[in-house]
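Chain order of the listed sequences is B and U. Residues 1 to 595 (the numbering used here) make up the first sequence, in order. Residues 1 to 77 (the numbering used here) make up the second sequence, in order.
Because the hints were derived from the structure by calculation, they are not lab data. Everything numeric in this text was worked out from a predicted model, so none of it was measured. Beta carbons: idealized from backbone N, C-alpha and C, even for Gly. Any given hint could be a false lead.
As the list claims (entries may be wrong) - Residues from chain B that face chain U, not an exhaustive set, calculated with beta carbons under 7 Å: (1) P215; (2) L420; (3) G530.
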Amino acid sequence: MKRIALLGMPNTGKSTLFNRMTGGAARVGNWPGITVELLSGKILLGGDMVEIIDLPGIYDLHGFSDDEQVVRHFLHDNVPDLALVILNTTQIERQMSLLLQLKQLNMNIVVILNMADEAKKFGIGVDAEKMSELLEMPIFLLSAKYGGGYPEALQAVTKALRYPTPGMAEQLRSQLEQDEHIETEMARVLKHTVQVPARLSDSLTEKLDSLILHPWLGLPIFFAVMYLLFQGIFIFGQPIQGGIAAAFTWLRETALVPLLASLPQALQGLLLDGIYNGLATVAAFVPIIVLFFLFMAIVEDSGYLSRAAFLMDALMARLGLDGRGFVMLLMGFGCNVPALMGTRVMRSRAMRLLTMLVIPLSLCSARLQVFIFFSAALFSPKAAPIVLFSLYLFSFATAIITALIFKNRFKNTEPFVLELPPYRFPTLRQMALRGWLEVRHFLRRATKFIVAGVVMVWLLTHLPPSAAPASADTLSGMIGGALQPFFAPLGINEQLTIALIFGFIAKEIVIGALAVIYSLSGDALGNAIGQQLDWVQAYSFMLFTLLYTPCLATVATLQSESKQLKFTALSLGWSLGLAWLISFAFYQGARALGY
Amino acid sequence: MSATTLAALHPGDIATIVSIHAEEALHLRLLALGFRSGKQIELIRKASFSGPLQVRVGTTDVMLRRVEAAKIEVQKP
Ligand SMILES: Nc1nc2c(ncn2[C@@H]2O[C@H](COP(=O)(O)OP(=O)(O)OP(=O)(O)O)[C@@H](O)[C@H]2O)c(=O)[nH]1
Numbered sequence: 001m002k003r004i005a006l007l008g009m010p011n012t013g014k015s016t017l018f019n020r021m022t023g024g025a026a027r028v029g030n031w032p033g034i035t036v037e038l039l040s041g042k043i044l045l046g047g048d049m050v051e052i053i054d055l056p057g058i059y060d061l062h063g064f065s066d067d068e069q070v071v072r073h074f075l076h077d078n079v080p081d082l083a084l085v086i087l088n089t090t091q092i093e094r095q096m097s098l099l100l101q102l103k104q105l106n107m108n109i110v111v112i113l114n115m116a117d118e119a120k121k122f123g124i125g126v127d128a129e130k131m132s133e134l135l136e137m138p139i140f141l142l143s144a145k146y147g148g149g150y151p152e153a154l155q156a157v158t159k160a161l162r163y164p165t166p167g168m169a170e171q172l173r174s175q176l177e178q179d180e181h182i183e184t185e186m187a188r189v190l191k192h193t194v195q196v197p198a199r200l201s202d203s204l205t206e207k208l209d210s211l212i213l214h215p216w217l218g219l220p221i222f223f224a225v226m227y228l229l230f231q232g233i234f235i236f237g238q239p240i241q242g243g244i245a246a247a248f249t250w251l252r253e254t255a256l257v258p259l260l261a262s263l264p265q266a267l268q269g270l271l272l273d274g275i276y277n278g279l280a281t282v283a284a285f286v287p288i289i290v291l292f293f294l295f296m297a298i299v300e301d302s303g304y305l306s307r308a309a310f311l312m313d314a315l316m317a318r319l320g321l322d323g324r325g326f327v328m329l330l331m332g333f334g335c336n337v338p339a340l341m342g343t344r345v346m347r348s349r350a351m352r353l354l355t356m357l358v359i360p361l362s363l364c365s366a367r368l369q370v371f372i373f374f375s376a377a378l379f380s381p382k383a384a385p386i387v388l389f390s391l392y393l394f395s396f397a398t399a400i401i402t403a404l405i406f407k408n409r410f411k412n413t414e415p416f417v418l419e420l421p422p423y424r425f426p427t428l429r430q431m432a433l434r435g436w437l438e439v440r441h442f443l444r445r446a447t448k449f450i451v452a453g454v455v456m457v458w459l460l461t462h463l464p465p466s467a468a469p470a471s472a473d474t475l476s477g478m479i480g481g482a483l484q485p486f487f488a489p490l491g492i493n494e495q496l497t498i499a500l501i502f503g504f505i506a507k508e509i510v511i512g513a514l515a516v517i518y519s520l521s522g523d524a525l526g527n528a529i530g531q532q533l534d535w536v537q538a539y540s541f542m543l544f545t546l547l548y549t550p551c552l553a554t555v556a557t558l559q560s561e562s563k564q565l566k567f568t569a570l571s572l573g574w575s576l577g578l579a580w581l582i583s584f585a586f587y588q589g590a591r592a593l594g595y
Numbered sequence: 001m002s003a004t005t006l007a008a009l010h011p012g013d014i015a016t017i018v019s020i021h022a023e024e025a026l027h028l029r030l031l032a033l034g035f036r037s038g039k040q041i042e043l044i045r046k047a048s049f050s051g052p053l054q055v056r057v058g059t060t061d062v063m064l065r066r067v068e069a070a071k072i073e074v075q076k077p
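Between the sequences and the hints, there should be enough to build the whole structure, so can you do that?
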């Protein structure tokens, strides 16, 4: 099968083009370094199946960071039949250097000048035909986001695929040394083909920046935006979640209970109180997750992340991290796993490890479900969003403490240089795609982990059969009881302990497990928990859930990215210890104060 | 005409890059971002608490720390 590789600098729209070509699902974001893995898709082109590969962005072929090495190895080991080189037209005066480097490798190349729409808006004129002539390569102006110019480019790609695959120049390294020659060549081509206005006319970005990056308004604006965001998620999402949970209960009573009535009692229990209750409780959170990721998609695509990096770098520098580390923490709010992988753009291993040590403390969307559930059950509608926000602040605070404690073990002098892209807004298509991706991701986790988890919990709470369900005589009661010396000082009871144990697999299971343990779902579960716990216990439980060992997927990623068992163990041990200490301090402190 | 470094510029200043004194990796990254001797560079703003600088080279906005900026020699008109 012929193979096309998408190559270009970070944030030039490779993933956007990949999605357009394959109908695929690469993650798009206005942040240099969203793609850090190879992603491939197959399409039919000119009658043949062709494989398309989305590579991480590279600034040049000499790069030293992990993601740049991925690309270099890839090019070296599998010369693509066609390299589709994607340049950001608005930055053509600098990005052409990468094209000229690639040209020296004698690859079969088609060039895409992407973001043609923005170039036009900014008043940048490019004569693609002339450039094509001068460089002796097919060159096309295109907008991957909106589709303009796509059919012509695709035609050229199809045609170029018919040429034989060239061999890779053996002395890749020495070929690359001729950068001097590249400079003059670049100047020559640009002079004849590109007109850039003396001043860029992106006044919107400039105006927004003067507010958002304001020396002393910038940070308050950042926190206000965050606060409104989480307030919004809570206010919109929580009623939807309640409604869906109620619908699931109704379905159970009207359809499932009569349908399964003929089955043996125990099997009925497993199916209804175990799997159905557990899954339904977790599934009710899907709309919140989608809503949350729609917000994330807007934030990621807007270019605000780079601004956050700018605002926070001064603080992060004192913690031995940099602005990118802060952005990874923000991305970790969605899911810790891609945030951990995003650290590949860092060159210094020490900084990368330190960043990876703090990311698991970031309050991911799975933990968010637990917190929405508990804060709705135990706090007034007015207080609940504030409780939620306070947990985000705790998440930041513990990340800061962790970095401060460990920064001397992971000393580094990594320079911090980062692009500030213009503000952009995702299209509806991009947002819908992102929402769908997250639902799919969630469903995969649900089928893999959550079902297994709730079945286990059901068995533990119903075995041995002689014991009353979920009583102290069941397996779960015994385990919970045995761990009480550890958890009682935190105000965490046996039932919650069992839920926490399974939460190690995936945090979504925590709520599902509670539904199984209490044999209740939806509002009824919230009420039961609300009656059994007071707010101090509940908050202590939430703090513990926030900080203790992250989910299995995160642990696996920590190991695969660090390739150091010792580091993974450090991360796990640290988060568990920190969780215990902070919950302990909070619970005992609040009790001592008379709450 | 006066020679200085990028770190010493004030917001709004426009200067010309004279030379870059950075180790190889950083030098390459700066080149790829458009920092070349002879190019115009504008300092847009400085973050508070001695945070990074925002500069504009050609059509690209870049942020970099003051330590890195001090490695870039510029000439003010
Ligand atoms: N205006 C405009 N924006 C675009 C176009 N193509 C991509 N974008 C936006 O540019 C940003 C970067 O797009 P990505 O597809 O994530 O870029 P990438 O090259 O895969 O980036 P990395 O993963 O960082 O290497 C996103 O905000 C896109 O929405 C385009 O043709 N026009």
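Comparing the hints with the structure gives:
1. P215: holds (4 Å)
2. L420: holds (4 Å)
3. G530: Where the cut-off is 7 Å and the nearest Cβ of chain U is about 43 Å from B/G530, the hint is violated.
The structure is inconsistent with hint 3 alone, although it conforms to all the rest.
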